[in-house]
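So the protein sequences, as listed, match chains A and B.
Take 1 as the starting number for the first sequence in the numbering used here and just add one per residue.
Take 272 as the starting number for the second sequence in the numbering used here and just add one per residue.
Hints may contain errors.
Stated by the list, open to error - Computed cross-link-like contacts, PhoX-like style, restricted to lysine-lysine with a CA-CA straight-line distance of at most 20 Å:
(1) 239(A) x 446(B)
(2) 333(B) x 548(B)
(3) 446(B) x 135(A)
As the list claims (entries may be wrong) - Derived CB-CB ranges, DEER-like:
(4) 532(B) x 204(A): 46 to 52 Å
(5) 138(A) x 357(B): 37 to 43 Å
(6) 140(A) x 407(B): 28 to 34 Å
(7) 540(B) x 138(A): 29 to 35 Å
(8) 514(B) x 169(A): 35 to 41 Å
(9) 164(A) x 535(B): 50 to 56 Å
(10) 168(A) x 487(B): 25 to 31 Å
(11) 518(B) x 64(A): 34 to 40 Å
(12) 513(B) x 72(A): 24 to 30 Å
(13) 552(B) x 72(A): 34 to 40 Å
Just so you know, the hints here were simulated from the structure itself, not pulled from any lab data.
All residues carry an ideal CB built from backbone N, CA and C; glycine is no exception.
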Amino acid sequence: MCIHSHRFAAIGLVVATALAFCPRAESQASHIGTLTGQAGRGKVLYERYCIGCHGVRGDGVGENAVYVNPEFPKPRDFTSGVFKCRSTPSGSIPLDADLFDTIGRGVNTTAMPQWLPLTRRDRADLVAYIKTFSKRFTDEQPDPPVPIPPETPSTRESVARGRELFQTTLKCNECHGPEGRGDGPSAPSLRDNKGNPIPPYDFTTGERFKCGQTDYDLARIFLTGLDGTPMPTYADYLKGDQIWDLVHYLRTLEAIHKHRSLWSKLFSSEP
Amino acid sequence: MFTCIFPCLPCAKGAELVKQQISFLAIILPLAFLCGARGTAAQAKYQVETVVNGGDIEGTVKWSGPVPKNFSLPITKNADICDPKKRKDRSLERLEIGPDGGVANTVISISGITHGKAMDLPVARRSLNQETCRYEPHILLVPQEGMLSMKSSDPILHNIHMVGAALYNLPFPIKDMVITRPMRKSGVVDIKCDAGHVWMNAEILVVTNPYYSVTDEHGHFELTNVPPGQYVLTAWHEGWTIAREEVVMDVDAHQEVRRPIFADPRTWNAKVTVSPKGTAKVDFTLSEN
Numbered sequence: 001m002c003i004h005s006h007r008f009a010a011i012g013l014v015v016a017t018a019l020a021f022c023p024r025a026e027s028q029a030s031h032i033g034t035l036t037g038q039a040g041r042g043k044v045l046y047e048r049y050c051i052g053c054h055g056v057r058g059d060g061v062g063e064n065a066v067y068v069n070p071e072f073p074k075p076r077d078f079t080s081g082v083f084k085c086r087s088t089p090s091g092s093i094p095l096d097a098d099l100f101d102t103i104g105r106g107v108n109t110t111a112m113p114q115w116l117p118l119t120r121r122d123r124a125d126l127v128a129y130i131k132t133f134s135k136r137f138t139d140e141q142p143d144p145p146v147p148i149p150p151e152t153p154s155t156r157e158s159v160a161r162g163r164e165l166f167q168t169t170l171k172c173n174e175c176h177g178p179e180g181r182g183d184g185p186s187a188p189s190l191r192d193n194k195g196n197p198i199p200p201y202d203f204t205t206g207e208r209f210k211c212g213q214t215d216y217d218l219a220r221i222f223l224t225g226l227d228g229t230p231m232p233t234y235a236d237y238l239k240g241d242q243i244w245d246l247v248h249y250l251r252t253l254e255a256i257h258k259h260r261s262l263w264s265k266l267f268s269s270e271p
Numbered sequence: 272m273f274t275c276i277f278p279c280l281p282c283a284k285g286a287e288l289v290k291q292q293i294s295f296l297a298i299i300l301p302l303a304f305l306c307g308a309r310g311t312a313a314q315a316k317y318q319v320e321t322v323v324n325g326g327d328i329e330g331t332v333k334w335s336g337p338v339p340k341n342f343s344l345p346i347t348k349n350a351d352i353c354d355p356k357k358r359k360d361r362s363l364e365r366l367e368i369g370p371d372g373g374v375a376n377t378v379i380s381i382s383g384i385t386h387g388k389a390m391d392l393p394v395a396r397r398s399l400n401q402e403t404c405r406y407e408p409h410i411l412l413v414p415q416e417g418m419l420s421m422k423s424s425d426p427i428l429h430n431i432h433m434v435g436a437a438l439y440n441l442p443f444p445i446k447d448m449v450i451t452r453p454m455r456k457s458g459v460v461d462i463k464c465d466a467g468h469v470w471m472n473a474e475i476l477v478v479t480n481p482y483y484s485v486t487d488e489h490g491h492f493e494l495t496n497v498p499p500g501q502y503v504l505t506a507w508h509e510g511w512t513i514a515r516e517e518v519v520m521d522v523d524a525h526q527e528v529r530r531p532i533f534a535d536p537r538t539w540n541a542k543v544t545v546s547p548k549g550t551a552k553v554d555f556t557l558s559e560n
């Protein structure tokens with residue numbers, strides 16, 4: 001009697017002690033401003049809302065993934081730890097706030113919706129759980145966000161300088177086309193990191209960008225690039241006010257200017 | 272079998288207690304190793320020291336059997352810059368075999384070496400140029416935490432899109448402008464150009480010690496000033512056969528595109544003994560099988 005009862009108790013104790021050393025997925029946390037997200041709670045939400053597309057293992061092959069419109073990018077594979085929408089430089093993991101913003105904002109021109117019905121706390125918990133899918137979040141630290149200078153006035157001269165950058169100096173037209181319609185000569189061969197075709201953004205649609213809606217969001221995309229896609233970082237080339245020259249020119253390509261201030265209010269990670 | 276797993280004092284006496292302690296350790300240690308020690312059991316850090324009576328290792332990498340056809344793709348963009356010799360297509364340089372059977376672009380290293388000379392890998396192997404829509408060199412060696420230097424000698428847009436141990440995606444719209452980035456993590460990085468030059472490819476190896484050599488066009492390699500001792504020498508070569516083709520939908524052209532996916536890199540090992548101030552000879556033979 002003594003032998004068996006003590007044996008089972010002892011096995012339980014030994015395993016529990018050993019597991020205490022294990023880095024458990026549920027111990028991952030996220031920090032967004034004053035919010036702290038917990039992966040344990042995020043797991044429950046993930047299995048309710050995200051698992052259909054992103055999959056049990058977070059590898060982007062959930063049972064619904066095959067039904068995603070083939071002209072959309074596939075659901076994000078979290079195991080790679082590579083994310084398009086970041087405030088950090090190309091090659092770096094994102095900040096927790098970047099992932100938080102993406103969940104609330106959704107990713108336009110993809111099947112990823114805006115998860116605004118979830119509370120801020122829910123979204124913070126989901127960020128913590130999503131980080132458990134990639135070792136990058138335990139092995140690496142994010143680089144500091146790329147600095148973005150204050151926006152300059154949009155003038156005729158600024159737009160002209162931006163046009164020169166787009167059409168000649170930086171050769172953005174190679175992918176995005178001379179009129180920014182996403183039909184440049186390199187467009188047909190573009191692939192994401194998974195080898196799937198990915199079209200360049202068509203500026204003439206006036207649609208939200210994948211990573212935001214404001215001028216600052218657009219400037220940030222130029223500086224960080226969209227990792228996992230062919231869009232590289234232009235941080236080495238855009239100096240001083242040049243980033244705003246480019247933004248001002250690209251805004252002139254939009255056929256429809258949609259209202260932007262509401263978006264920025266809704267999707268900001270600031271409380 | 273032991274009668275108790277954990278010291279349960281009422282039923283434990285003498286030798287029984289010793290058995291219990293052993294059985295406890297037999298369970299807890301492997302578990303602790305698998306879990307708590309998982310991250311710390313990584314390869315020992317390389318220590319730089321003054322090498323006394325160091326020896327050299329040299330040899331060749333040769334091909335055996337019929338020489339396979341090198342995979343090439345048609346030059347479909349910027350032919351005036353990319354194809355000055357009007358060849359119409361470009362080899363992907365996945366397997367370069369010379370007339371003497373020497374295999375170029377094979378990386379030779381000493382497996383698990385823990386101490387030796389200071390980093391002295393050639394600067395040319397961490398300086399990447401894009402010229403006539405080709406990466407030069409095709410195989411790069413960058414010390415971990417070292418800087419990779421990149422530029423484009425072509426007056427057209429290229430980008431260096433990395434996947435693997437580094438994940439930078441850097442454009443090169445301005446001719447001869449040098450861009451540098453630190454390579455923080457050891458491992459292999461595949462690079463490609465997204466700007467329509469689908470044949471451009473190269474490999475970067477981010478390494479933790481200086482005992483690496485890339486074979487020349489004759490398949491020759493040399494490792495110098497190696498501390499005397501016994502080692503395992505490893506030859507690494509990127510995959511050259513097409514493992515499969517992915518059929519993907521080209522969104523803009525609305526047609527299917529067949530994209531080759533190359534096989535994983537291959538490695539070969541050989542034992543070598545380095546004697547003081549001696550030169551050890553090691554030859555590798557690569558083949559299709």
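Hints versus structure:
{"no.": "1", "hint": "239(A) x 446(B)", "verdict": "17 Å, holds"}
{"no.": "2", "hint": "333(B) x 548(B)", "verdict": "26 Å, violated"}
{"no.": "3", "hint": "446(B) x 135(A)", "verdict": "37 Å, violated"}
{"no.": "4", "hint": "532(B) x 204(A): 46 to 52 Å", "verdict": "35 Å, violated"}
{"no.": "5", "hint": "138(A) x 357(B): 37 to 43 Å", "verdict": "52 Å, violated"}
{"no.": "6", "hint": "140(A) x 407(B): 28 to 34 Å", "verdict": "30 Å, holds"}
{"no.": "7", "hint": "540(B) x 138(A): 29 to 35 Å", "verdict": "31 Å, holds"}
{"no.": "8", "hint": "514(B) x 169(A): 35 to 41 Å", "verdict": "40 Å, holds"}
{"no.": "9", "hint": "164(A) x 535(B): 50 to 56 Å", "verdict": "45 Å, violated"}
{"no.": "10", "hint": "168(A) x 487(B): 25 to 31 Å", "verdict": "40 Å, violated"}
{"no.": "11", "hint": "518(B) x 64(A): 34 to 40 Å", "verdict": "22 Å, violated"}
{"no.": "12", "hint": "513(B) x 72(A): 24 to 30 Å", "verdict": "28 Å, holds"}
{"no.": "13", "hint": "552(B) x 72(A): 34 to 40 Å", "verdict": "57 Å, violated"}
Going through the hint list in order, the structure does not satisfy hints 2, 3, 4, 5, 9, 10, 11, 13.
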